[in-house]
Amino acid sequence: RPRADSDAVEAAVRLLGSAERPCIVAGGGAVMSDAAPELKSLVERLSIPVVYTWNGKGALPDDHPLNAGTAGWPGSLPGNTIAASADVVLSLGCKFTDWSASSWRRGATFSLPPGRLVQVDIDAAEIGKNYPAEVGVVADVKSALSDMLAVLSPEDDRRAARRRSGYLDELAGLNKRWVEVLSPRRDHPGSPMTMLRVLHELRQVLPREGIVTVGSGHPQSSTKQAFPIYEPRTHITSGSFSPMGFAVPAAIGAKLAKPDTPVVCIVGDGDFMMTMQELAICAMRDLPVVFLILNNRGFISIRDGQHGLMTRQIGSEFNDLAGNEYSVDFAAMARTFGFEQAVRVANPTDLAGALQRALDSNEPAVVEALISRDASIAAAEVVGWWDFPLLPTAPAEVRADYEIGLREEQHL
Numbered sequence: 106r107p108r109a110d111s112d113a114v115e116a117a118v119r120l121l122g123s124a125e126r127p128c129i130v131a132g133g134g135a136v137m138s139d140a141a142p143e144l145k146s147l148v149e150r151l152s153i154p155v156v157y158t159w160n161g162k163g164a165l166p167d168d169h170p171l172n173a174g175t176a177g178w179p180g181s182l183p184g185n186t187i188a189a190s191a192d193v194v195l196s197l198g199c200k201f202t203d204w205s206a207s208s209w210r211r212g213a214t215f216s217l218p219p220g221r222l223v224q225v226d227i228d229a230a231e232i233g234k235n236y237p238a239e240v241g242v243v244a245d246v247k248s249a250l251s252d253m254l255a256v257l258s259p260e261d262d263r264r265a266a267r268r269r270s271g272y273l274d275e276l277a278g279l280n281k282r283w284v285e286v287l288s289p290r291r292d293h294p295g296s297p298m299t300m301l302r303v304l305h306e307l308r309q310v311l312p313r314e315g316i317v318t319v320g321s322g323h324p325q326s327s328t329k330q331a332f333p334i335y336e337p338r339t340h341i342t343s344g345s346f347s348p349m350g351f352a353v354p355a356a357i358g359a360k361l362a363k364p365d366t367p368v369v370c371i372v373g374d375g376d377f378m379m380t381m382q383e384l385a386i387c388a389m390r391d392l393p394v395v396f397l398i399l400n401n402r403g404f405i406s407i408r409d410g411q412h413g414l415m416t417r418q419i420g421s422e423f424n425d426l427a428g429n430e431y432s433v434d435f436a437a438m439a440r441t442f443g444f445e446q447a448v449r450v451a452n453p454t455d456l457a458g459a460l461q462r463a464l465d466s467n468e469p470a471v472v473e474a475l476i477s478r479d480a481s482i483a484a485a486e487v488v489g490w491w492d493f494p495l496l497p498t499a500p501a502e503v504r505a506d507y508e509i510g511l512r513e514e515q516h517l
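Quick note on this note's numbering: the sequence shown kicks off at 106 and runs consecutively.
Since the hints were derived computationally from the structure, they do not count as laboratory data.
A virtual CB, placed ideally from N, CA and C, is assigned to each residue, including glycine.
Just so you know, not all the hints are guaranteed correct.
[Said to hold, decoys possible] Only pairs whose alpha carbons sit at most 30 Å apart, straight line, appear in this in silico DSSO-like list of lysine-lysine:
(1) LYS145 - LYS281
(2) LYS145 - LYS234
(3) LYS363 - LYS145
(4) LYS200 - LYS145
[Claimed, not checked] Estimated spans, in silico, between C-beta atoms of each pair:
(5) SER270 - GLN382: 48 to 58 Å
(6) PRO289 - GLN461: 19 to 29 Å
(7) ALA277 - LEU426: 52 to 62 Å
(8) PRO289 - MET389: 34 to 44 Å
(9) MET438 - PRO289: 27 to 37 Å
(10) LYS281 - MET415: 47 to 57 Å
(11) PRO494 - ALA362: 47 to 57 Å
(12) SER288 - PRO219: 17 to 27 Å
(13) GLY212 - GLU285: 17 to 27 Å
Construct the complete structure from the given sequences, taking the supplied hints into account.
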């Protein structure tokens, strides 16, 4: 593993020690380097909140009290609040892409500067690429954290605990508030179900070590924002480009790699249709993957983007000529592949049982959940910002808001 320059390590520790409101950003590099034990030790010793990116989810358990949740677009209330107000940010294998950094809009996720950045990355080209780094540490994340831990003293730990007690109380309040923001859709009792209610029911029955592969669009965003992950490498996402067609083959690959671990594919209906033929592989090889299809009868994340850009949708809802919602019966289709475990669920009270039976069967399974088109994101309001260029036909009020965001972007 590439190790850091000792002077850079000491400079990083000094800067973190001087901070009043430090924050750690766990990117994909923190997971890929297997740095979870070192990360947990550092945040607990120095009382530093952690936010994470798409690929950094799982670096620290989501139920850890120092986990502020996801940052960027879409982010969480605690994640973006903590990141935006940090006076020192320690980045661990994070590239600061547009989604991870809310398109670099000042204060939407990060404020760098005036915040000061310590950036750890195995690739020297990433240091200071999107934000100026006061301290650059070119190293494998795991080895860099190990070296930082080695230079800390017990007095550093005590000083951090005294200095940051109020800061951590603030984090606890933000995390509590975020649960309150999510609860209306998480606990929604009616039909059609909300996407977040389905994800909540899955989390109740899936073991902590269970693996989820996540497709594109709203399922990807809602899982990032509101589906707790407890162990590294158990959240396999399609990443920043959010390609459709990823989740199904990714789930098959995960099951082949980890045959004794439960694997659930979380995928929307439009995304699922890109690669649903791969159910044949599961049937032929008797691979016990559970496919959780979130069926809202359309490419609804695209529809919502169309509404935001031009206040109308074109071709993104699956409707017949009379305007009625159209849907494939995916559970029935799965049975034609030879799936004995295939069920369509419309009532939220039936969902946990259906998911538990699918997991317990040790067979390939499809659970098709009929969900609302209009409550497909985790929270009623999107947290964060994304620079999505407007069409010339965009309404004036949409363009005015967009231009405010443009003026607030921080670019090197």
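Status of the hints after comparison with the structure:
no.: 1; hint: LYS145 - LYS281; result: 21 Å, holds
no.: 2; hint: LYS145 - LYS234; result: 27 Å, holds
no.: 3; hint: LYS363 - LYS145; result: 25 Å, holds
no.: 4; hint: LYS200 - LYS145; result: 21 Å, holds
no.: 5; hint: SER270 - GLN382: 48 to 58 Å; result: 56 Å, holds
no.: 6; hint: PRO289 - GLN461: 19 to 29 Å; result: 25 Å, holds
no.: 7; hint: ALA277 - LEU426: 52 to 62 Å; result: 54 Å, holds
no.: 8; hint: PRO289 - MET389: 34 to 44 Å; result: 43 Å, holds
no.: 9; hint: MET438 - PRO289: 27 to 37 Å; result: 33 Å, holds
no.: 10; hint: LYS281 - MET415: 47 to 57 Å; result: 38 Å, violated
no.: 11; hint: PRO494 - ALA362: 47 to 57 Å; result: 39 Å, violated
no.: 12; hint: SER288 - PRO219: 17 to 27 Å; result: 35 Å, violated
no.: 13; hint: GLY212 - GLU285: 17 to 27 Å; result: 23 Å, holds
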